[in-house]
Amino acid sequence: MKKVIVFAFFYCCSNVVIAQVDPLIEKVSKKLGLVNDYVAEGVMKTDVSFIKASLGKVKVYFKKPNLLKVKKEGGISLLPKGGVSLTINTLLNTKKYSTIPGGTQVVNGKTLTVLKLIPNDDNLDWVISTLWIDPVEALVYKTATTTKENGSYEITMQYGAYAQYGLASKIVFSFNTKDYKLPNGITLEFGDEDPAAKKKLLKNKKGTVEITYNNYIINKGIPNSIF
Amino acid sequence: MKSIIAFELYKIFRRPRTYIAFGAIAALIVVIQFGLKIDGESYASFLMKDINDTLTVDGKVLNGYLICYILLQLLLVHVPLLVALIAADMISGEANLGTLRLLFSTPFTRTEWVLGKFIAASIYTIVLLIWLAFLALFVSMWVFGTDDLFLMKSNYVVLIQEKDVLWRYVGAFVFASFSLLTVTALGFLMSSMANNSIGPIVGTMSAIVFFTILSTLNIPLFSIIKPYLFTTHMNNWKEFFDIQVNDGNEAIAGSILNIAKIKNSLFVLSAHIILFVTAAVYITKKKDILS
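Just so you know, the sequences run in chain order A and B.
Heads up: the first sequence begins at 542 in the numbering used here, then just goes up one per residue.
Heads up: the second sequence begins at 123 in the numbering used here, then just goes up one per residue.
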């Protein structure tokens, strides 16, 4: 009986330790907390092996706690399914996660602290997320998130003029793509197929969407109807 | 020559048969536009099934530009058959009625008559194409609105910016005019060889169907002759809607992926037109109109 009580005590303690939010995450959250909402203008580039698309101007709308919308100015936009909404703000603002330290890693010459987030709320879309954080600047440079329904995403960030708010100047979403093929009977493309297109398809199964931000308008208020 | 063309155009547009093609094109386009207006979203969802597994597509995919592309894909295969109805009747119809000898007894030469008739048939073909362009492009733009052209090909997707689309349609319609003029010339050649209308009309239609099947079959034996068949090149208007990408897989606005293919096709089609019309002139000059 004594052994059971001791085991239960240590088990509970260990859970408390795991459930504690890392101070570095707190620091990052505090920085991000300065931003209640923003509208950012930028240029989006879609790079998926089976898609030929040109650059497009986009507006990104964010509102606490986790509302996010990317709108292309006049035109059709292609975004990774479910992935764009999983930014640092939307991950951390839920406050429903536990952190596990993952050591340090050097990424692009910076020594970054690795933290894994595990959601406590079963209703959240994501299963696990790894964050690479600069402990000095309290900036997240990379995240890798696995979702329940939409696969895995990697997001890398670069910072510029809005670093004091934790807002990136460039974001790159990387995601896995599936095969694309439409029967010739539907597209009415009979005859010889373009061998270059076939070769290109085999080359890359990873897609990226890059958004380079020109400017942010912070904390000026955004109506919910935008989202 | 002008009077011959005016005279032939008058005869073409006086015939009720001429308006069958206009009516058929209008009926087909309106039916397809109506269907896509009512249930286009489910059609688009079906086409985009693979894309929607990976990406969220935001915007008006089913817009006038895409509708026009769908319509052209469906119609430009069949419009040649409608062109054959008129072109293949131009000389043989006169021979059948016995009016050919009257025409050839006028001060105009046989060559002038043949060329005048061919130009008149070509004008009819161009007017038919303009009618098709008006209904397929401008009416679709009016009914469905405009946006970027999201084109789903067999192996890849092309997203062309809205401002970069219209000139491509102009190019595609100019190209299509060469395709249809080739059919006009073929019908004309068949017409010069017969003394009744049915034979050349059916003959032209059969030739189009036969060579189209050869062009679409991926059998190595036929690959040798495919580059020389006009039907192989008739569908290359689609090349206007493929775009170059740079090393970063970024589409280059205003570019065409394979401009050499378009030039080659235009050359082959033009060569066919010249060949068919020259042959028609030669045969008509030798034609016995006394029997």
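Quick caveat, the hints were computed from the structure, so don't treat them as lab data.
Just so you know, even glycine gets a beta-carbon here, dropped at the ideal spot from N, CA and C.
Don't take each hint at face value.
Chain B is faced by these chain A residues, among others (derived, beta-carbon under 7 Å) [claimed, not checked]:
| # | residue |
| --- | --- |
| 1 | F591 |
| 2 | I592 |
| 3 | K593 |
| 4 | K598 |
| 5 | S618 |
| 6 | L665 |
| 7 | V668 |
| 8 | I669 |
| 9 | Y706 |
| 10 | T718 |
| 11 | T728 |
| 12 | E730 |
Simulated crosslink set (DSBU-like; lysine-lysine; CA at most 35 Å straight-line) [as the list claims (entries may be wrong)]:
| # | chain 1 | residue 1 | chain 2 | residue 2 |
| --- | --- | --- | --- | --- |
| 13 | A | K711 | A | K598 |
| 14 | B | K275 | A | K711 |
| 15 | B | K275 | B | K159 |
| 16 | B | K275 | A | K689 |
| 17 | B | K409 | A | K598 |
| 18 | A | K719 | A | K613 |
| 19 | A | K761 | A | K722 |
| 20 | A | K622 | A | K612 |
| 21 | A | K604 | A | K622 |
| 22 | A | K613 | A | K600 |
| 23 | B | K383 | A | K719 |
| 24 | A | K586 | B | K133 |
| 25 | A | K612 | B | K159 |
| 26 | A | K604 | A | K747 |
| 27 | A | K610 | B | K408 |
| 28 | B | K171 | A | K747 |
| 29 | A | K747 | B | K360 |
| 30 | A | K622 | B | K171 |
| 31 | B | K360 | A | K613 |
| 32 | A | K598 | A | K636 |
| 33 | A | K613 | A | K568 |
| 34 | B | K285 | A | K719 |
Quick rundown of the hints versus the structure:
no. : hint              : result
1   : F591              : holds (4 Å)
2   : I592              : holds (5 Å)
3   : K593              : holds (5 Å)
4   : K598              : violated (11 Å)
5   : S618              : holds (5 Å)
6   : L665              : violated (19 Å)
7   : V668              : violated (19 Å)
8   : I669              : violated (21 Å)
9   : Y706              : violated (26 Å)
10  : T718              : holds (5 Å)
11  : T728              : holds (5 Å)
12  : E730              : holds (5 Å)
13  : K711(A) - K598(A) : holds (14 Å)
14  : K275(B) - K711(A) : holds (31 Å)
15  : K275(B) - K159(B) : holds (22 Å)
16  : K275(B) - K689(A) : holds (30 Å)
17  : K409(B) - K598(A) : violated (66 Å)
18  : K719(A) - K613(A) : holds (24 Å)
19  : K761(A) - K722(A) : violated (45 Å)
20  : K622(A) - K612(A) : holds (14 Å)
21  : K604(A) - K622(A) : holds (20 Å)
22  : K613(A) - K600(A) : holds (6 Å)
23  : K383(B) - K719(A) : holds (31 Å)
24  : K586(A) - K133(B) : violated (57 Å)
25  : K612(A) - K159(B) : holds (25 Å)
26  : K604(A) - K747(A) : holds (30 Å)
27  : K610(A) - K408(B) : violated (74 Å)
28  : K171(B) - K747(A) : holds (19 Å)
29  : K747(A) - K360(B) : holds (28 Å)
30  : K622(A) - K171(B) : holds (13 Å)
31  : K360(B) - K613(A) : holds (27 Å)
32  : K598(A) - K636(A) : holds (32 Å)
33  : K613(A) - K568(A) : holds (33 Å)
34  : K285(B) - K719(A) : holds (30 Å)
When held up to the earlier numbered hints, the structure conflicts with 4, 6, 7, 8, 9, 17, 19, 24 and 27 and fits the remainder.
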